[in-house]
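Trainee: Put together the whole structure using the sequences plus the hints.
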Amino acid sequence: MITLDTVNLEIDGPTATIYLNRPDKKNAMNPQMHRDMNAALDAIEEDGNVKAVVITGNGDSFSSGMDLEECFLQPFDDPQLFYKTNLVALRWFQRLKAFPAVTIAKVNGFAFGGGFLVAGLCDLAVTDEAALFGLSEINFGIFPAGGATWAATHNLPRKKALYYILTGDTMTGAQAAEYGLVNFAVPADQLDAATDKIVRKIVKKNPVTLALAKQVYERTTQLDLPAAIDYDQAKLWELSRLSGNEWINVALKQFEKRAYQPGLATYDRPAEVRA
Numbered sequence: 001m002i003t004l005d006t007v008n009l010e011i012d013g014p015t016a017t018i019y020l021n022r023p024d025k026k027n028a029m030n031p032q033m034h035r036d037m038n039a040a041l042d043a044i045e046e047d048g049n050v051k052a053v054v055i056t057g058n059g060d061s062f063s064s065g066m067d068l069e070e071c072f073l074q075p076f077d078d079p080q081l082f083y084k085t086n087l088v089a090l091r092w093f094q095r096l097k098a099f100p101a102v103t104i105a106k107v108n109g110f111a112f113g114g115g116f117l118v119a120g121l122c123d124l125a126v127t128d129e130a131a132l133f134g135l136s137e138i139n140f141g142i143f144p145a146g147g148a149t150w151a152a153t154h155n156l157p158r159k160k161a162l163y164y165i166l167t168g169d170t171m172t173g174a175q176a177a178e179y180g181l182v183n184f185a186v187p188a189d190q191l192d193a194a195t196d197k198i199v200r201k202i203v204k205k206n207p208v209t210l211a212l213a214k215q216v217y218e219r220t221t222q223l224d225l226p227a228a229i230d231y232d233q234a235k236l237w238e239l240s241r242l243s244g245n246e247w248i249n250v251a252l253k254q255f256e257k258r259a260y261q262p263g264l265a266t267y268d269r270p271a272e273v274r275a
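Quick note on numbering: full-length UniProt numbering labels position 210 of the sequence shown as 210, and the sequence is numbered without any gaps.
Simulated from the structure, these hints should not be mistaken for laboratory data.
Do not rely on the hints blindly, as some may be mistaken.
What follows is a list of derived Cβ distance ranges for each label pair [unchecked claim]: (1) Gln215 x Asp77: 23 to 29 Å; (2) Arg200 x Phe72: 38 to 44 Å; (3) Arg269 x Phe76: 28 to 34 Å; (4) Asp60 x Arg269: 34 to 40 Å.
Using 20 Å as the maximum straight-line C-alpha spacing, the simulated SDA-like pairs for lysine to any residue come out as follows [what the hints assert, rightly or not]: (5) Lys235 x Lys257; (6) Lys201 x Ala251; (7) Lys97 x Thr221; (8) Lys235 x Leu225; (9) Lys253 x Trp237; (10) Lys205 x Thr17; (11) Lys235 x Arg258; (12) Lys204 x Lys160; (13) Lys253 x Ser243.
The beta carbon of each residue, even a glycine, is placed where N, CA and C say it ideally should be.
Mentor: Dropping the structure here:
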């Protein structure tokens, strides 16, 4: 366990778990937490073996969002300080979105503002069905910024996104699953098991394939079909080169021998390349 001021990081083989650790503040994100999150992502990248990153909150909340006093009230009258304070946050938000490992939000309690954003930035998300998600910025006179509006527009239908942006109302974890903000909503006592089930599936996969699959998804959402096909064919060639043609030489060879059914299971990666 790596213990930072406001974040704990545990790396266990191919899985990393980041714990937001300001439970007395509902894990509100202050400048130190933003620095610690950048450091945690650095450590995971330096490890080089992590395929799945779970982000969760210690205590009874995922995150209540930005610490309004430390991120806004204190630095606001000093434009340079205000800019630098929030730049650190924006840096790790952008890194999280493009992170090569699969990112999974495990949400309990509150996920407001910046907490909503982090859940929306992660590739996958599981929540306690009674958790509360919200974009409360309108309630103190601004609109969701720093990527929070992006998280709403890219994870919710238009009318749903605008409703929560304009009213500041909350949605439950069960509603978040219904609307597509998260993958699954489960009772609180099943949250760990539901998240672990996803992690176990992810860590069996080729890490190069996982990273490139994420890149192809993100890029092809911005392309028409002919350009998307050109792009994914180039990435398929890149995958072959980077992984030593593992999908041909190992995965499809096992299929040829009827060792597994791709629609029902994954292939067995050789021990010498399994990471």
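Trainee: Determine for every hint whether it applies to the structure shown.
Mentor: We went through each hint and held it up to the structure:
1. Gln215 x Asp77: 23 to 29 Å: 41 Å, violated
2. Arg200 x Phe72: 38 to 44 Å: Between Arg200 and Phe72, where Cβ atoms are some 40 Å apart, the hint holds.
3. Arg269 x Phe76: 28 to 34 Å: Violated: the Cβ-Cβ distance is about 52 Å, outside 28 to 34 Å.
4. Asp60 x Arg269: 34 to 40 Å: 39 Å, holds
5. Lys235 x Lys257: 27 Å, violated
6. Lys201 x Ala251: The given pair, whose Cα atoms are some 16 Å apart, holds under the 20 Å limit.
7. Lys97 x Thr221: Roughly 14 Å between the alpha carbons, so the hint for Lys97 and Thr221 holds.
8. Lys235 x Leu225: Holds, at about 15 Å.
9. Lys253 x Trp237: 18 Å, holds
10. Lys205 x Thr17: 18 Å, holds
11. Lys235 x Arg258: 27 Å, violated
12. Lys204 x Lys160: Given pair Lys204, Lys160 is violated - Cα atoms ~35 Å apart, limit 20 Å.
13. Lys253 x Ser243: 15 Å, holds
Comparing the model with each earlier hint shows violations of hints 1, 3, 5, 11, 12; every other hint is respected.
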